[in-house]
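Q: Our numbering numbers the first residue of the sequence shown as 1 and each following residue consecutively.
No wet-lab data here; the hints were simulated from the structure. Even for Gly, the Cβ is constructed at its ideal location relative to N, Cα and C. Where hints are given, some of them may not hold.
As the list claims (entries may be wrong) - For each label pair, taking beta carbons as the anchor points, the in silico distance ranges come out as:
hint, residue 1, residue 2, range
1, G349, A15, 37 to 43 Å
2, A5, R107, 43 to 49 Å
3, R60, S314, 45 to 51 Å
4, R272, E84, 25 to 31 Å
5, E268, P64, 50 to 56 Å
6, A7, E268, 29 to 35 Å
7, R217, G159, 42 to 48 Å
8, A7, V281, 20 to 26 Å
9, E268, A5, 39 to 45 Å
10, S213, G349, 25 to 31 Å
11, R2, S314, 27 to 33 Å
12, P162, T48, 38 to 44 Å
13, R2, T360, 36 to 42 Å
14, E84, P148, 30 to 36 Å
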Amino acid sequence: MRFVADAGLWVVGPAVAVVPAVAVLEVSGAVLEWTVDDRDGVAATRMTITDRAAAEWLWRVVGPAGHAAIASGVEPVDVDLVPEALEPLRRIAIGHWLRRWWPESRRDGIVPLDRALLDGELAILVSAAQEFLSEDTLDADVEGLLAPHQSALRAFELGADPRVAEMAAACAELADDLGAWSAEPSELLAGPVSGRREDFALVAGPEGERSRSAIARGVGSVDWVTVPHGLFDAADRTIDWSVEGADSSVFAMLRVALTGQAPARGIEVRLRSGSVSATGVLDTRGTAALSMLFEDGRELTENQAWGHDWSTTSVAIGPHRSDPGDSAEAAELRQRIRAFARARLAEPGPDAFFAELVATEADY
């Protein structure tokens, strides 16, 4: 592979997919990227060197000769990447991707991953790769990965699965070394996440009832990039909206399917249809009732609403961004990620995390 200079940076490897289909790992002096569902794995590594002096680990990945050539500043440089050095780094990147983008969905049958198990195993991997990381790199915070999960990992340590118990014990030892946990273990308030389908359904709650007197209604999809991870069901068409008249006013009624991990209170929501729109925030249950207004601030009347063309209505959750999440390309990418998640659960590979194995093996 050939390193070339690009905008003052040194880059090698193929182009990668856009978020959320890319796994990224910041290491000392460089950024590593992989398209998550690329079957070529480490052979498809994209590496961008941001600081040649800080990338002291580079010889491990490109060999001493390649490192010397890059350090000399003469480009282009042909190198052979060392797969054995990149495999653990790619796995760390995939672990962080699972934390940030795993598409949990009751509607699509994609079960949640136990966060304590995932963070614990990732902490062990990050700890073992410290020669590639520095304290100020984004993905190197071992203590931050372990700190929230003392009770859960202690419970796993006493569990029936010997593989998980051994990993949890290693987490406890690492946490003790780092001082990440309190000296007195907190009470075990809850056991590990079971991943059972009936539990998953109970968390998500019942489907919302549609209004019988709606002036207009439709569905929309959540743009994953604009919302907190794990809050909303990752299926498409999970936003139900309707336009309804009440007491001479017109309201946009919205309901978004949640995972149940956290309340949706305060998340921005917008509905727009031509010259009228409604803007506000969701409540804890993922619902909102918003006044429909013209661009000049006048309220839409019920007569006007019945005569309005609602066919171009769009709805968005989270901060506005120029690249709409309801495009065909965005929907195709989300479907691709859901297919990738299902494949990892159906046939766990050598890079599978314990959180995935437990989810796969659970009677859900």
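Q: Determine for every hint whether it applies to the structure shown.
A: Hint by hint, here is what the structure shows:
no.: 1; hint: G349 with A15: 37 to 43 Å; verdict: violated (24 Å)
no.: 2; hint: A5 with R107: 43 to 49 Å; verdict: holds (47 Å)
no.: 3; hint: R60 with S314: 45 to 51 Å; verdict: holds (49 Å)
no.: 4; hint: R272 with E84: 25 to 31 Å; verdict: violated (52 Å)
no.: 5; hint: E268 with P64: 50 to 56 Å; verdict: holds (52 Å)
no.: 6; hint: A7 with E268: 29 to 35 Å; verdict: holds (34 Å)
no.: 7; hint: R217 with G159: 42 to 48 Å; verdict: holds (47 Å)
no.: 8; hint: A7 with V281: 20 to 26 Å; verdict: violated (39 Å)
no.: 9; hint: E268 with A5: 39 to 45 Å; verdict: holds (41 Å)
no.: 10; hint: S213 with G349: 25 to 31 Å; verdict: violated (52 Å)
no.: 11; hint: R2 with S314: 27 to 33 Å; verdict: violated (44 Å)
no.: 12; hint: P162 with T48: 38 to 44 Å; verdict: holds (41 Å)
no.: 13; hint: R2 with T360: 36 to 42 Å; verdict: holds (40 Å)
no.: 14; hint: E84 with P148: 30 to 36 Å; verdict: holds (32 Å)
The earlier numbered hints that this structure contradicts are 1, 4, 8, 10, 11.
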